[in-house]
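Protein chains in written order, with my numbering: chain E, 1 to 344; chain V, 1 to 344; chain Z, 1 to 344.
Read the hints as simulated data drawn from the structure, not as lab findings.
Note that the list lumps identical chains together, so a pair holds whenever it fits in one copy or between two copies.
In silico lysine-lysine, DSBU-like type, Cα no more than 35 Å apart, as pairs:
(1) Lys99 / Lys196
(2) Lys87 / Lys196
(3) Lys196 / Lys48
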Amino acid sequence: MSAVEISLAELAERFSLEVRGDDRRLINGVATLEHATPDKLSFLANTKYRAALAQTRAGAVVMTADVAASVSTDALLSRNVYADFSKIAACFEVRPIRKAGIHPSAVIDADAHISPLACIGPMVVIGARSRVDAGAIVGAHCVIGDDCVVGAQSELVARVTLVTRVRIGQRVLIHPGAVLGADGFGLAMEGGRWIKVPQLGGVVIGDDCEIGANTTIDRGALGDTVLEEDVRLDNQIQIAHNVHIGAHTAMAGCSAVAGSARIGRYCLIGGGAGVLGHLSICDNVTITSMALVTHSIRAPGEYSSGTPLMDNRAWRRSAVRFKQLGSRTPNSPNSIDAKATPDT
Amino acid sequence: MSAVEISLAELAERFSLEVRGDDRRLINGVATLEHATPDKLSFLANTKYRAALAQTRAGAVVMTADVAASVSTDALLSRNVYADFSKIAACFEVRPIRKAGIHPSAVIDADAHISPLACIGPMVVIGARSRVDAGAIVGAHCVIGDDCVVGAQSELVARVTLVTRVRIGQRVLIHPGAVLGADGFGLAMEGGRWIKVPQLGGVVIGDDCEIGANTTIDRGALGDTVLEEDVRLDNQIQIAHNVHIGAHTAMAGCSAVAGSARIGRYCLIGGGAGVLGHLSICDNVTITSMALVTHSIRAPGEYSSGTPLMDNRAWRRSAVRFKQLGSRTPNSPNSIDAKATPDT
Amino acid sequence: MSAVEISLAELAERFSLEVRGDDRRLINGVATLEHATPDKLSFLANTKYRAALAQTRAGAVVMTADVAASVSTDALLSRNVYADFSKIAACFEVRPIRKAGIHPSAVIDADAHISPLACIGPMVVIGARSRVDAGAIVGAHCVIGDDCVVGAQSELVARVTLVTRVRIGQRVLIHPGAVLGADGFGLAMEGGRWIKVPQLGGVVIGDDCEIGANTTIDRGALGDTVLEEDVRLDNQIQIAHNVHIGAHTAMAGCSAVAGSARIGRYCLIGGGAGVLGHLSICDNVTITSMALVTHSIRAPGEYSSGTPLMDNRAWRRSAVRFKQLGSRTPNSPNSIDAKATPDT
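Excised from the complex, chain E in its bound form (with noise of 0.2 Å):
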């Protein structure tokens, strides 16, 4: 799909690494070390995938130059093998060509300002008050509400919603199906029925920032729902009102944080994971896969919940014994009432 060439030589000096091997050897794409052909570029950064290397047929491969002392291939050497080949890797990309300009299908406010360098896609919607800045996509489908800001060079991939009062910093991307800026899930109860609060803030992304798809960030109740800079957030994570994200931290897919929790910087939480709401987690805190915050944390470090995985009937012993753990006389496992068969 991709007609570029590069040398080994021009790789090597555009991205400060040096050459092993022929460098006027020429590269047209990145690929798997197994799927490799002498025109690509692979990579080594997982020793792991070392016997890999040994029957590779790329035509260079980026690893370190402790890996390189071992093997023969021609090489381009790093220090940091996954970031470097990932620059590489974006030369090879084939990105759709986006025209500035509003397509005839859009629906756009009076009251909206699209920069003429913006790129506005089919059958967009845009409210009263919102500003589109120079540089940025909105894709096809994106419905914009009021009061809403796209920052200068964002992508909104396509059928982004921004509810109302949401403001999208600079070079952020946002991925198909993701809403933000919906009313964050406010109740009182008054004599047996619910009442909603009403959600009167908005929704602040940084600049840099990475949202997935069907994804959702809901808008402050009072104040904002905020992502500080560079913050990276897989598909199908829901962030609750008056959330507060510190720069650089990513979430994995599927996790979630509860209303008015805060999160510090450099932090991962993993895939699946919860956060209860008004608790404060500090900077450079990994949550593992699926494990709950129940309570802030002040210290730097990994942490866990949940029980290991197991055979089914020995998972239902233990759990017999869990149950038991708690009461004055234990007794010996027989039967459980806890069936977790899946449902379908």
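Add chains V and Z to chain E, keeping to what the hints say.
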């Protein structure tokens, strides 16, 4: 953003509260204790924030008479602070004006019936024999299939999908990305291949329900999936076919209910919690976050599963012991194959 | 809603079943044992509902010969009741008629190829070099990017997004809100900031797959994310980049698979279950609901993690003990800092 100004005296009269202090004071909005200025009203519902009350610059604060006895701030005295504050806050909410009528870009089946008092937004598609009643708002990009009803005063904010046979009551609010009435997940195995079980039922949503962003509610296989009145669902909730949820039950984000389960009235289902299929949960049950309901619950109360959050090294030791709980000869903790690091 | 009437004799012949009772009886629909009237067909697949069989008013019931021996109801005798009932029910399903052709509101790239026998609904957007084959239905509001294929007889119900390089086989059914082919979540850290790893692969979906509402399937980083034939995914499932799922595997709602994991054939993944990245699961494995797969599985069978549902007070005592399991000197249960109340 709001030019509304209301005196404390008027708020007190409108919501049957008592003023303490200068009842002519004008309020033009609401804010947290921390951020309020003298023209704003705030509230204290959680005694945890009492220190903030001492320092607030708010013009007045909604609080109980008990709390008011110990501070000198101007106050609106309430017995249900959060509910009363919510109702007052709604006075200051700025909502987009939606005029009745059908946007010219909408595609409406000739056999659909749209009230002249309904508002149909841009790009909306409505199918055969579907009905939208007076005062209802169908926002931009909603897709309504055949044989659906949107009751009076209900609002589909934007990009909501009603697939087929979905009947929405009155004053229902549905947020973007929600999908109601998709096929339930019904499969039968025959000769090593799956056969699809037709999903012939519909979805019935009672009056005054709220349904969060990207939540999914499948239609019934035979008979309907039902939410009774005043059920409140947060974002990214999954309700499978033929589930029945009782009135006034609230479910937090990312929770899920499997097929044909029946949940009572006034239940609270925590975030990320799961309910297996074909179970019953009685009225007034609370399920804590990320718990899994594996058997029917017949007594009101609070139910939990899972383990506490721990430092990862300590957790690994406990996890090894958990595996040994059911065996006859427990050994001392050593290694564990369960590795649960976040995976990006 | 259906005017179709079929005699028991005809149903028996069409599906190779045996009639017991009046084979001229006319059936015009299907219903549960509880709600069926004499013109309806019902079924008994789960002996738990045997009491309902005794009281049903159904005109006839699909059941095994064994069950039929003990009741006098008219019956269609089957060896695979649920599968046969499903096939009969499909006879009574009313599906909207979709005429071939392209809705005038659709925006189709000049370089796309749409079969004259395909149906393209309102507001659909299709990108360059994409292809829609004969008999395929692309419902309202679907967005198809560049270089995609929708195979013959496949249906994208409505509001489905294929981002780029997504190849759908034949007879695939995809429900609203699903997003296929979004960027996988690939990040490398350099100098304290995230670098995005380009996602250069695609998504391949085999014949006869079904993909639920709001499910997300990311495209591969290098190489493709693959579902083999007859894979069935429920709603709100997350499939990360470069995952490979074997034929005939079914996954229940809200389950998730992290990057590069490989799941075998005929697996059943329970609701809310998680699979960490770079693992392999062999054929014929069942994972129970909300379990977390943290290591590769090499033997068929059923696997679980988690703890049983308990009354919250009893659970707190067991949870305290769990924390102490790994330490040398376990104490008696007292307090616990893990609080897991539902947070709205």
